[in-house]
Structure formats: structure tokens, C-alpha cells
Amino acid sequence: MTVQEFYDEVGGDYNEIMSRLRTEDRIRKFAGMFTRDESYLSLVRCINEGDADEAFRAAHTMKGMCQNMAFTRLYKSSHEITEVLRGKDLETAKQMLEVVTEDYNIVIAGIEKLLAQ
Amino acid sequence: MEAMEKNTILIADDAEINREMLKFIFDEQYSIIEARDGEEAISCIMENSDKICLTFLDLLMPKKSGLDVLRFMNEADYIDFIPVIMITGEATDETDEKAYEYGASDIIYKPFAPNVVMRRAKNIMELFEHRIYLEQKLEKRTRQLRESREKLERSNEFLINALSSVVEFRSLESGEHIQRIKYFTRLLLKHIMEMYPGYGITEEQAALIVNASALHDIGKIAIPDSILLKPGRLSEDEFAEMKKHTMYGCELLEKFKQDDNEFYHYCYDICRYHHERHDGNGYPDNLKGDEIPIWAQVVAIVDVYDALVSKRVYKDPFAAEEAARMIIDGECGEFSPEVLDCFVNAKQELFTMTEDEFSFADVMVR
Chain A
1 MTVQEFYDEV
11 GGDYNEIMSR
21 LRTEDRIRKF
31 AGMFTRDESY
41 LSLVRCINEG
51 DADEAFRAAH
61 TMKGMCQNMA
71 FTRLYKSSHE
81 ITEVLRGKDL
91 ETAKQMLEVV
101 TEDYNIVIAG
111 IEKLLAQ
Chain B
1 MEAMEKNTIL
11 IADDAEINRE
21 MLKFIFDEQY
31 SIIEARDGEE
41 AISCIMENSD
51 KICLTFLDLL
61 MPKKSGLDVL
71 RFMNEADYID
81 FIPVIMITGE
91 ATDETDEKAY
101 EYGASDIIYK
111 PFAPNVVMRR
121 AKNIMELFEH
131 RIYLEQKLEK
141 RTRQLRESRE
151 KLERSNEFLI
161 NALSSVVEFR
171 SLESGEHIQR
181 IKYFTRLLLK
191 HIMEMYPGYG
201 ITEEQAALIV
211 NASALHDIGK
221 IAIPDSILLK
231 PGRLSEDEFA
241 EMKKHTMYGC
251 ELLEKFKQDD
261 NEFYHYCYDI
271 CRYHHERHDG
281 NGYPDNLKGD
291 EIPIWAQVVA
301 IVDVYDALVS
311 KRVYKDPFAA
321 EEAARMIIDG
331 ECGEFSPEVL
341 DCFVNAKQEL
351 FTMTEDEFSF
361 ADVMVR
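Here the protein sequences line up with chains A and B, keeping their order. For the first sequence, position 25 (counting from the first letter as 1) is numbered 25 according to my numbering, and the numbering increases by one without interruption. For the second sequence, position 32 (counting from the first letter as 1) is numbered 32 according to my numbering, and the numbering increases by one without interruption.
Careful: at least some of the hints might be erroneous.
[Said to hold, decoys possible] Taking lysine-lysine pairs in the DSS-like style, the calculated list, with each CA pair at most 27 angstroms apart, reads:
id : chain 1 : residue 1 : chain 2 : residue 2
1  : A       : Lys113    : A       : Lys76
2  : B       : Lys137    : B       : Lys220
3  : B       : Lys122    : B       : Lys110
4  : A       : Lys88     : B       : Lys110
5  : B       : Lys110    : A       : Lys76
6  : A       : Lys88     : A       : Lys29
7  : B       : Lys244    : B       : Lys230
8  : B       : Lys64     : B       : Lys51
9  : A       : Lys88     : B       : Lys64
10 : B       : Lys151    : B       : Lys137
11 : B       : Lys311    : A       : Lys88
12 : B       : Lys230    : B       : Lys311
13 : B       : Lys51     : B       : Lys137
14 : B       : Lys220    : B       : Lys122
15 : B       : Lys255    : B       : Lys311
16 : B       : Lys137    : B       : Lys243
17 : B       : Lys311    : B       : Lys347
18 : A       : Lys88     : B       : Lys98
19 : A       : Lys29     : B       : Lys311
20 : B       : Lys23     : A       : Lys29
21 : B       : Lys244    : A       : Lys94
22 : B       : Lys288    : A       : Lys76
23 : B       : Lys51     : B       : Lys151
24 : B       : Lys288    : B       : Lys230
25 : B       : Lys244    : B       : Lys220
26 : A       : Lys88     : A       : Lys113
27 : B       : Lys151    : B       : Lys6
[To be verified] Rough simulated footprint, nothing fancy, chain B against chain A, three-plus residues with beta-carbon under 8 angstroms:
id : stretch
28 : 3 to 12
29 : 43 to 51
30 : 86 to 97
31 : 101 to 113
[Said to hold, decoys possible] FRET-style restraints, in silico, Cβ to Cβ:
id : chain 1 : residue 1 : chain 2 : residue 2 : range
32 : B       : Leu138    : A       : Gly32     : 49 to 55 angstroms
33 : B       : Leu138    : A       : Asp51     : 32 to 38 angstroms
34 : B       : Asp77     : A       : Asp89     : 38 to 44 angstroms
35 : B       : Arg143    : A       : Asp25     : 29 to 35 angstroms
It is worth saying that the hints were derived from the structure and are not from the lab. Positions of the beta carbon are idealized from the N, C-alpha and C atoms, including for glycine.
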């Protein structure tokens with residue numbers, strides 16, 4: 001799988017990330033870091049525990065990383081949940097978490113394939 | 001630029017990816033230190049403040065936010081020499097305004113283009129380096145100026161003291177009268193400035209007045225020995241001649257008139273009016289009340305006090321308390337209520353000075 005194919009599959013912007021990181025090697029390295037980041041896990045945990053403030057922070061961090069990585073689709077859903085959590089609306093956030101999880105899993109699965117070669 | 005070894009960039013962000021995103025832009029040219037939250041950022045800054053040339057702060061971090069770190073840098077004055085670029089996901093007017101208010105140099109929004117970040121960072125670092133360099137240069141110049149001014153002031157004081165003691169030397173006094181007049185004038189002016197700020201006397205003016213007070217009797221240089229050194233009371237004619245020392249002093253000063261120089265005017269007024277009295281019974285111009293400049297009024301009362309507590313060929317010294325009483329009771333002519341007020345307030349300090357500060361070589365008080 002090429003980096004270009006990976007970005008198409010996860011709903012990201014290949015041109016944007018190339019303009020920022022310049023080399024595919026570097027993109028791979030950063031993708032690896034993305035899988036190690038625990039913001040998503042923290043988001044899920046905090047929503048379940050009802051900690052709106054920490055959930056907001058986790059969502060915000062996730063959103064920021066997606067922006068940097070040009071994971072456009074996951075950026076959109078994490079951006080939306082961030083805004084809902086900014087208003088401390090845990091109920092709506094819970095419903096939105098499904099979409100976020102779906103987008104997140106696609107990205108993680110894609111990265112695993114990308115790095116498997 | 002001197003001693004520029006600051007070559008470390010601090011990157012504070014809780015997400016590794018975001019830190020790396022900045023790190024790869026700068027790590028070829030700079031050393032990088034990373035902080036994962038606000039508290040780490042603060043300790044990094046405290047430990048490496050002499051090395052850090054730029055700090056990137058993520059807005060939202062655990063423990064302490066980017067704004068908290070910025071506020072800390074502001075309160076601890078780090079912000080004056082470490083530029084800060086805030087990194088944030090979205091622009092909100094409120095946080096942007098706060099960030100700038102606490103001294104952030106710039107705000108960069110995610111996602112950012114590496115070459116733009118690099119350019120902006122370099123501009124900011126250059127600006128800071130340059131500003132710090134200019135400040136150091138300015139500080140050095142200011143120090144030099146201050147030093148040369150102090151030197152000049154010391155030389156001035158030396159010349160004034162030398163000049164004013166010429167008269168004393170001639171009248172075979174020890175020269176300490178001048179020093180006492182200056183001390184007493186300084187003391188009374190302090191009280192005037194505290195109690196009557198309406199006169200508008202500044203510290204700087206007070207210093208000039210104190211120096212000018214040393215010259216109050218400079219005109220005595222023109223009084224003949226037969227009068228100046230007479231071992232006994234003066235006759236009426238002799239006293240009339242003695243009184244002219246106020247005018248002689250002015251004549252002398254007018255030869256070197258400096259109309260635009262405040263100091264000249266203090267010297268002139270003090271020479272001429274230090275024997276005037278509030279009720280118009282003084283000399284040489286019989287000025288009344290406010291017509292007599294306040295600096296001349298101060299030297300007048302101080303001169304009387306010193307004359308009372310000093311030994312003269314024709315009189316023994318009065319004790320300090322007795323001298324003060326005579327002045328307050330108007331036995332030495334009338335002084336303005338304000339000046340008397342200050343004199344009463346300054347009395348105790350005046351007594352202490354009279355007893356301790358000077359060796360009254362020519363005087364035995366008590």
C-alpha cells in the first residue's frame with residue numbers, strides 16, 4: 001500500500017500532508033506515532049466516566065493531531081465531538097462517539113496495513 | 001552580537017505527533033527540549049531560561065494550560081527575553097486576545113506549513129535578539145551617562161564648597177558653618193516637601209538649593225577686615241555696611257549670569273534674600289510674605305539658627321532648645337507660618353544634628 005492509497009482509504013488529504021512533511025518516510029513515522037497516542041482511549045474512558053472536561057481535552061488533542069496529519073474525515077468527526085464537549089453535553093457526545101470510533105478504526109487499520117510492508 | 005549562545009527551542013504539547021511536527025522543522029539548526037504538559041514546560045523554562053531562544057506552547061495541555069504557562073512567564077518576567085509562539089487548533093478572539101495580553105509574540109493555527117512556521121519563528125527570534133541587544137546597549141550608555149553626571153556633580157560640589165569657604169577662611173572660621181547650613185537646609189527642605197507639596201519642590205531642585213545655600217554669604221568677601229573681623233559688636237554704620245553683603249553677593253554672581261540656569265537663580269535669590277523677613281522688616285529689599293522665594297526663607301531661618309548655636313566673638317552660643325524657642329517666639333524676626341511649621345517639625349532632628357553630626361570646633365553648645 002502506498003502512502004497515497006492509504007490517505008485515499010482513510011479519507012485524508014495526501015497532497016496536504018506531502019506539502020507539510022515532504023517525504024513519505026516521515027509520513028510513515030508520524031503515522032506510527034499516531035497509533036501510539038492515547039487520546040482516543042482517554043476520550044472513550046472519560047465519556048463513559050462522565051468526565052466532560054477531560055473528555056474535551058482528549059477530543060481536542062485528537063482533533064489537533066488529525067489536523068496535523070491531514071486525516072480529514074477523522075478530523076471532522078473529532079472536531080464535532082470536541083465542540084459538543086466544550087459545551088459539556090455528554091449525552092450527545094456519547095451518540096457521536098460511534099462515528100468517531102468508526103473513523104478512528106479505519107485510520108488505525110489503514111496505518112497498520114501501511115506499516116506492515 | 002555578544003554572548004549569543006541561546007540555541008534551544010522548547011516545544012510544549014501533550015501530543016507527541018504535534019511535538020514532532022515542530023521538532024523536525026527545527027532540529028537541524030536548534031537543540032530541542034520537549035515538555036508534555038504545562039507543569040513540565042514551566043520547569044523546563046526555569047532550568048533552561050539562559051539557553052531558550054523560543055518557546056512553542058500548545059494552548060490546551062494537561063495540568064497547566066498554555067495560557068497558564070504564559071501567565072507564569074509573564075509574572076516571573078521570562079517573557080521579556082524568551083519569545084513565545086502559541087499553537088492552537090482554532091482561533092477564538094477571547095484566547096487570542098489573552099495570549100497577546102500575556103505577551104505571546106505570535107499565534108499559529110494548526111495545521112501549519114513548516115516553512116511558514118520556520119520563517120515566523122526566525123523573524124521573532126531575530127526581533128528579540130535585536131531588542132535585547134539594543135536594551136543592553138542602552139543600559140550601558142545610560143550607566144555611562146549617569147557616571148559622568150555623578151562625576152560632574154561631585155566636581156560642582158567641590159568647587160562650590162571651595163568657593164564658599166573662602167569667606168569663612170577669611171573670617172577665621174573653621175568652614176563648618178557652610179556644612180551645617182547645607183545639612184540644615186536639606187533637612188528643612190525635606191519637611192517642606194512633605195508638609196507643603198504645594199511649593200512643588202522636587203528632589204532635583206532640593207539638591208540644587210542645598211548647593212546654592214553654601215553660597216549665601218559669598219558677598220562677605222567684599223566686606224573690609226575692619227568690620228568682618230571686628231572683635232566686638234558693630235556700630236550702626238558698620239552694621240549698615242555689613243548688611244550690604246547681600247547685594248555684594250548678587251553683584252558678584254551677576255558677572256556670570258546664566259539666565260536659563262535654575263541653579264543661578266537659586267544662588268542669586270539666596271544671596272540676596274536670606275536676610276528678608278516675613279513681615280517686611282528684613283533687608284535689603286524689605287520683601288514681604290510670598291515675595292521672598294521659599295528657598296531664601298529656608299536658608300534665612302537655618303542661618304539664624306546656626307548663628308544662635310554658634311559662638312561669636314561678641315556672644316556665647318545658645319543651647320539648641322533655647323535657640324529654637326527664640327526663633328519660634330519671633331525674637332529673631334518673623335518667619336512665615338509654613339516655614340516655622342516645618343522648623344518646629346524638624347526641631348528634634350535639628351537638635352540631634354547639632355549635637356552629633358558636626359564637630360563644633362568653633363562652638364560649644366550647652
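Enumerated hints in conflict with the structure, sorted upward: Violated hints (numbers, rising): 2, 6, 11, 14, 15, 16, 19, 21, 22, 23, 24, 26, 27, 28, 29, 30, 31, 33 and 35; every other hint is consistent with the structure.
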